[in-house]
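Q: Under the working numbering, think of the first position of the sequence shown as 1, with each following residue one higher.
Honestly, the hints are just simulated from the structure, not real lab data. Careful, some of the hints might be misleading.
Once the Cα atoms are required to be at most 27 Å apart in a straight line, the calculated DSS-like pairs of lysine-lysine come out as [claimed, not checked]:
| id | residue 1 | residue 2 |
| --- | --- | --- |
| 1 | Lys128 | Lys170 |
| 2 | Lys170 | Lys3 |
| 3 | Lys277 | Lys253 |
| 4 | Lys3 | Lys240 |
| 5 | Lys130 | Lys170 |
Restraint ranges, calculated between C-beta atoms of paired labels, are given here [as the list claims (entries may be wrong)]:
| id | residue 1 | residue 2 | range |
| --- | --- | --- | --- |
| 6 | Arg264 | Asp229 | 14 to 22 Å |
| 7 | Pro177 | Ile268 | 15 to 23 Å |
| 8 | Pro114 | Lys246 | 48 to 56 Å |
| 9 | Phe176 | Gln260 | 25 to 33 Å |
| 10 | Pro114 | Phe265 | 31 to 39 Å |
| 11 | Glu280 | Glu51 | 51 to 59 Å |
| 12 | Lys141 | Glu186 | 37 to 45 Å |
C-beta: ideal position from N, C-alpha, C; glycine also.
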Amino acid sequence: MTKSVFVTLAGHTNAGKSSILNAIIGEKIASVSAKPQTTRTRITGIKTVGEIQMVFLDTPGLHKPTSKLSNHMLQTVKNAVTDMDAVLFVQDCTKALSGQEETLLRSLNRAKTPVILILNKIDLLADKTKLMGIIASLNLKYDFAATVPVSAKTMDGIDRIEAEVMALAKESPHFFPDEKFTDQPERVLASEMIREKILNLLRDEVPHGVAVSVERMQEREDKDLLDIDATIYCERESHKGILIGKNGAMLRKIATLARQDLERFFYIHVNLQCWVKVKEDWRNKEGLIRNFGLDSGE
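Sequences and hints are given; from them, build the entire structure.
A: Dropping the structure here:
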């Protein structure tokens, strides 16, 4: 008898949802950065353990919208928590709940959606006795199916999340092949690995105004080599100069770090070529948002 369970990861930006997803799946399928709003679209992670298949949907973090892209990101969250078997609500235990988080939790409680509270970043709590007070106050206010303190950084508690999710599985066919760990196309995974390096290397507004499109991805017939051509789109000419850097130094650094990740992920040598182009104010242009695959699928 096979079982399956569909679960959405939701919470504020930078709570650690993508890190938790990667830790559960055991593969890096979601970009991770200290920058807010790293995740822009819904990312599906799949893990099959015996007869149980768990399907996780990672969503953009809750935040104050500042562009049409931001509105699409928040709509993605609303769509992803509808008609799910459960929601993993990821909360940074070192911070208080925001108004957006409180609103989401109230709506989930009203809908009778099982919510598992994931208190992440417990490794940052100097006084661990505070954790029990946080758990007690949140459970007094909201109806959680379970509460799991974790540290995605140290992997502490990740197995408990899996156990809680597996307990919610119901008799059902598996919707994905058992060996599959994501439904993301390889080109999307590659573009996200490149964008992650930009997020980690650059500051201020530049990284948030960047989209990456993989134009070509082809393995050579005569050698063990994967050619990847990627275009990095930014919003201003000044941002283009920053992305390229003096004598192309920054672009080479981005490409080198991304290539290393790509080779580890695809188990093949990679020839990565990156170009930078300007698409002014693309985050407020519906056509470009759709072309980059960042619309909420409304």
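Q: Going back to the hint list, which numbers does this structure go against?
A: 1, 4, 5
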